[in-house]
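Visitor: The chain contents come next:
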Amino acid sequence: AQTVTQSQPEMSVQEAETVTLSCTYDTSESDYYLFWYKQPPSRQMILVIRQEAYKQQNATENRFSVNFQKAAKSFSLKISDSQLGDAAMYFCAYRSASPGGGADGLTFGKGTHLIIQP
Amino acid sequence: DSGVTQTPKHLITATGQRVTLRCSPRSGDLSVYWYQQSLDQGLQFLIQYYNGEERAKGNILERFSAQQFPDLHSELNLSSLELGDSALYFCASSVDPGWDTEAFFGQGTRLTVV
Chain X
324 AQTVTQSQPE MSVQEAETVT LSCTYDTSES DYYLFWYKQP PSRQMILVIR
374 QEAYKQQNAT ENRFSVNFQK AAKSFSLKIS DSQLGDAAMY FCAYRSASPG
424 GGADGLTFGK GTHLIIQP
Chain P
-7 DSGVTQTPKH LITATGQRVT LRCSPRSGDL SVYWYQQSLD QGLQFLIQYY
43 NGEERAKGNI LERFSAQQFP DLHSELNLSS LELGDSALYF CASSVDPGWD
93 TEAFFGQGTR LTVV
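Chains X and P supply the protein sequences, listed in that same order.
Going by this note's numbering, the letters in the first sequence line up with residues 324 to 441, in that order.
Going by this note's numbering, the letters in the second sequence line up with residues -7 to 106, in that order.
If you're looking for bench data, these hints aren't it; they were derived computationally from the structure.
We treat Cβ as the ideally placed atom computed from N, Cα and C, and that holds for glycine.
Treat the hints loosely; a few may be bogus.
Stated by the list, open to error - Part of the chain X face toward chain P, derived, beta carbon under 7 Å: (1) Met368; (2) Thr383; (3) Arg386; (4) Asp427.
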């Protein structure tokens, strides 16, 4: 079974600064997807960014980018120019990509609570 | 707004009771997923349906069951409730069950068992 580990229960960053959230995972599969989800106080789970394991290029979405190290099974999220609206719980998640199309759900880490200091 | 609707938003019930949580997926989405978020276990995948058929099972208890109806809405039934079942229950939907398809989450149902 796959596991996802987020070793930082809480992180704090000054507004406009850059912060990196860590995530490591364990799997014996070669094909999979990795995700970062954001959960603000509204409880809504919002997809921030995703990475296909077969792609070497790191995914980027505006101020959000990832550092995907497949050999090290590491998938960190970098948030640049942090804004007050970025304050939330951030969850790293894994999904298998089996040859049949993959029908499993997401495996989540425990989350990192990101605090933005004004 | 993700387009996924969950009702009710909040539910308080007593131990031993049975409740039903409802999920309406986004228009056009055929696949529905249920997740449980609790302080102890974090976010856990429970079960997935695709076009009315059960597709995958995660850490779903035997006291829990789900189904997806012909109109594609889904219900999660929780019975013989225990205090430990108190959690936020999410439904997510996607166009198909493929691993490369983004799933959109509803706002969840907060279940409190007293």
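Visitor: Provide an ascending list of the numbers of those earlier hints which the structure does not satisfy.
Guide: Violated hints: 2, 3; rest satisfied.
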